[in-house]
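Can you make the complete structure from the sequences, with help from the hints?
Going by numbering that gives the first Met the number 0, the first residue of the sequence shown is number 0, and it counts up by one from there.
Since the hints were made in silico from the structure, they are not lab data.
One or more hints might be untrue.
[To be verified] Below 20 Å or equal to it, Euclidean Cα-Cα: the simulated EDC-like pairs (lysine to aspartate or glutamate) are: (1) K125 to D85; (2) K290 to E301; (3) K224 to D325; (4) K278 to E244; (5) K278 to E310; (6) K275 to E244; (7) K295 to E276; (8) K290 to E335; (9) K138 to D154; (10) K138 to D231; (11) K338 to E296; (12) K266 to E276; (13) K290 to D325; (14) K306 to E296; (15) K132 to D212; (16) K275 to E296; (17) K151 to E230; (18) K338 to D325; (19) K254 to E276; (20) K336 to E244; (21) K338 to D317; (22) K275 to E310; (23) K290 to D231; (24) K338 to E179; (25) K336 to D325; (26) K278 to E230; (27) K125 to E230; (28) K138 to E121; (29) K336 to E310; (30) K266 to E244; (31) K290 to D217; (32) K132 to E159; (33) K161 to E121.
[Stated by the list, open to error] DEER-style ranges, computed between Cβ atoms: (34) V359 to P283: 29 to 39 Å; (35) F188 to D270: 22 to 32 Å; (36) T339 to L208: 23 to 33 Å; (37) F164 to N351: 24 to 34 Å; (38) F88 to N191: 44 to 54 Å; (39) R349 to H91: 19 to 29 Å; (40) G257 to S174: 15 to 25 Å.
For every residue, glycine included, the Cβ atom is placed at its ideal position computed from N, Cα and C.
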Amino acid sequence: MSTSSTSSKQYINNIRHVNVVSLNEGELSGVDEIVHSDENDDPNFDMVSHVSASSDGGSTTISSRIRPNMNIDVRQWREDDNVIDDFVFNPHDTNAGINSDLFDTLMHGTPLDFYTLIVNDEIINKIVIETNKFAAQQKASKSLSPFARINKWFDTDETEIKQLFGLLIWTGLVSLPSYELYWSNSDIFATNFGLVMSRNRFEILLQMLHFSDNSATDNTNRLYKLGTVMEDIMLNSNNCMQPLEHLCIDESLVKFMGRLSFKQYIKNKRDRFGIKEFKLCIPPCYTIALKVYAGKEASTEESVGTKIVMELGNPYFDCGRTLFVDNWYSSVELAEKLKTRQTHLVGTIRSNRKSNPKQVVKKKLKKG
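Here's what the structure looks like:
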């Protein structure tokens, strides 16, 4: 990748240095952000007004509003001679790219073949077992009306769960004002849903659908309802394709209007309410790692953005890769950590990040 301007800054403390690469917008156009939220304030940076520096820029003091357990280094910066660390990509010649065992599927497969590579029969079987188990628990634990729909429940199987997921995908492709219209006999709204399953069966399957054992509740894990399904899907994704040189981390908001303790609200998004996910993606638009935001975690000395990057990207570092991030994640701290893992970092940085040297923040860049 070519760059319009490249500058290198030397970090004097402990004889370490960090390289900063500057690219214009056109050169970053090939790296698409998934979703960016300006409302997700990073608790680990302060406004510039909270930072004071001496006139020579040699020392920096942070006001008492900074949490005392944060390690803030004093950095001195200087111009270098455009020196960039030359990390060699994949020096050990490990497997990268598409799994060669899948070439035949890629050449001759159908969309269903691709789907089953990720959501395979093992995952479907787990869902069948837990769904039937939950339905049995519901029938045994409640005083049911003779007319209750669950009285007509019969165990589901892998074929029916696949049909259910197929109908759900279909509703995402063909949007109607209400889901009842998918079973309408009207010439305007007519679909083939009724040929697959009845509306009553569709509704009760959604009501009983489960991914984990409901009797083994883990109150310490807000995502226990997902069981191991999400991990299994990510494992299958990695088995199909390993990243090449470029990685990208950003957020995605999945629309959700139900009751949920960690549901997010972002006022300037099309879907303002939903579940936030952090994704590690590779070209072309392929997710290889995923973390669902389930509420604030215990604070650490790392910023939230740095923690997310190091957690999602950990298996893919130490191979000379380049990570693209937006300014919610990027920081000098992150660049230093990735440098020790033989990984380049590309992204803009917020001027009010903690420990940003004053002379760098106020530096006026040349146009072009």
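**Study point:** Hint check against the structure, violated hint numbers in rising order
**Key:** Checked against the structure, the hints that fail are numbers 1, 3, 6, 8, 10, 11, 17, 24, 28, 30, 36, 37 and 39, while the rest are satisfied.
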